[in-house]
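Heads up: the protein sequence lines correspond to chains A and B, in order. Throughout the first sequence, residue numbering follows the working numbering, covering 1 to 246 in sequence. Throughout the second sequence, residue numbering follows the working numbering, covering 1 to 224 in sequence.
None of these hints come from the bench; they were simulated from the model. A virtual CB, placed ideally from N, CA and C, is assigned to each residue, including glycine. Mixed in with the good hints, there may be bad ones.
[What the hints assert, rightly or not] Some, not all, of what chain B presents toward chain A, calculated at C-beta under 7 Å: (1) Ala125; (2) Gly130; (3) Met131; (4) Val136; (5) Ser208; (6) Val209; (7) Gln211; (8) Glu215; (9) His217; (10) Ala221; (11) Val222.
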Amino acid sequence: MSCEIRVDGLVKRFGDQTVLDGIDLCLQPGERVAIIGPSGTGKSTLLRCLNYLDRPDAGHIRLGDLDIDAAKASSADVLALRRRTSFVFQNYALFANKTARENIMEGLTVVRGWPKAKAGARADEILAQIGLSDRGDSYPVNLSGGQQQRVGIGRAMALHADLMLFDEPTSALDPEWVGEVLDLIRQIADGRQTMLIVTHEMQFAREIADRIIFMEGGRIVEQGPPEQIFGAAQDERTRAFLRRVG
Amino acid sequence: MRPLDIAYMGNMLPVIASYIPLTLFMAVVGMVLALVLAAVFAVVRVLRVPIIDRVVAVFISFFRGTPLLVQLFLFYYGLPQLFPSLTSLDGVTAAIIGLTLHFAAYMAESIRGAILGVDRSQWEAASSIGMTQGQVLRRIILPQAARVAAPTLMNYFIDMIKSTSLAFTLGVTEMMGAAQKEAAGSFLYLEAFLVVALFYWAIVEILSVGQRWIERHLGRAVAR
Numbered sequence: 001m002s003c004e005i006r007v008d009g010l011v012k013r014f015g016d017q018t019v020l021d022g023i024d025l026c027l028q029p030g031e032r033v034a035i036i037g038p039s040g041t042g043k044s045t046l047l048r049c050l051n052y053l054d055r056p057d058a059g060h061i062r063l064g065d066l067d068i069d070a071a072k073a074s075s076a077d078v079l080a081l082r083r084r085t086s087f088v089f090q091n092y093a094l095f096a097n098k099t100a101r102e103n104i105m106e107g108l109t110v111v112r113g114w115p116k117a118k119a120g121a122r123a124d125e126i127l128a129q130i131g132l133s134d135r136g137d138s139y140p141v142n143l144s145g146g147q148q149q150r151v152g153i154g155r156a157m158a159l160h161a162d163l164m165l166f167d168e169p170t171s172a173l174d175p176e177w178v179g180e181v182l183d184l185i186r187q188i189a190d191g192r193q194t195m196l197i198v199t200h201e202m203q204f205a206r207e208i209a210d211r212i213i214f215m216e217g218g219r220i221v222e223q224g225p226p227e228q229i230f231g232a233a234q235d236e237r238t239r240a241f242l243r244r245v246g
Numbered sequence: 001m002r003p004l005d006i007a008y009m010g011n012m013l014p015v016i017a018s019y020i021p022l023t024l025f026m027a028v029v030g031m032v033l034a035l036v037l038a039a040v041f042a043v044v045r046v047l048r049v050p051i052i053d054r055v056v057a058v059f060i061s062f063f064r065g066t067p068l069l070v071q072l073f074l075f076y077y078g079l080p081q082l083f084p085s086l087t088s089l090d091g092v093t094a095a096i097i098g099l100t101l102h103f104a105a106y107m108a109e110s111i112r113g114a115i116l117g118v119d120r121s122q123w124e125a126a127s128s129i130g131m132t133q134g135q136v137l138r139r140i141i142l143p144q145a146a147r148v149a150a151p152t153l154m155n156y157f158i159d160m161i162k163s164t165s166l167a168f169t170l171g172v173t174e175m176m177g178a179a180q181k182e183a184a185g186s187f188l189y190l191e192a193f194l195v196v197a198l199f200y201w202a203i204v205e206i207l208s209v210g211q212r213w214i215e216r217h218l219g220r221a222v223a224r
């Protein structure tokens, strides 16, 4: 099968520190991949590079007919990539000056150029899907952490991106809100949306992912189906990490 | 000590009041132009647009570093000597240009600070859904910066209203100029300038009510 998204030799440096040290990746259409690993090993940076929130220093990103050479990506390339990937932030990052409904509509009206009525109707569908039909007119400041993250996910869903990127979507949440957010991501995963999720929720990763990637030191150390990684990891570093997170 | 000539002050009220429109005209036009210019300057500085950024920095430095009165004299009396076509520049226009440039320099720094105060995650979230830099600024960053900058900008507007009184030094008869003429005829300086002071005060007070409304409006997204 062909890759929905293919990454070759992705490198990212911050100063003299190499955070991503040659990442190769191929995601099949509809594949759900979870990235695990110790903090500071480049998991989030990898996700951010795939949305060009961080600019990779070298490597290739291929998505459909889009082929981006990191060394010479134009701003048109960057916009095109961003319009085909959507990002869910750890800290939600909802537009503070927009209501929940407007947050979801924003990408449709401004980026996709949809008329307001059509985008509004789509936003209402998504609000229903994320269980917030009654909070559409609320501003982010008046929503709980769990509600904000559901809107953050809704905003990403609205774009119908080829690839959804989740950057530790539950790490900033109070424990009481984690369940509702995981339920929503599970629902999206069930729809066979191609997704890449960085998470510390091992049980959740095991449940929803087709494949687990273990990263350390800016490299992919090991990858495979959940039962293999969690049951019979080949690499000692993977086993040590899984023992620690228990 | 002599008593205040209240009757004279009463007679002056309609005279001074008739110049309120001119004062407000200069202040409002100056403020609108200054806001636009200041927003452009602030964005240029925040995005560090090459070369233009340096030009704007020097511009801001000059207009913050020299007195408004000196700037007005430069525009009205000085520049026409360099560009004869400017001789036809009337006092009101010169005053508006001077006020605009002077206050734009100050306001640009306020707006720049407010833009930098908007959380970086707002830029990232807006960029991540594929907005262009201009869209991010216009739709997400500037509206949030406006709320932060509003109280300061209103202060500048109040300052600008009062500064229109300097137009009288360019031969414009506005509120201050009218009071000056009245006083020159009657020698009742205290009464004349007291009346004009009360007018400025009243205008600013009325404006403060508007300020509270504007701040509430801009703050609706963060009202719990």
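_Ascending list of hint numbers which this structure does not respect_ = Hints 4, 5, 6, 7, 8, 9 are the ones this structure does not satisfy, whereas the remaining hints hold.
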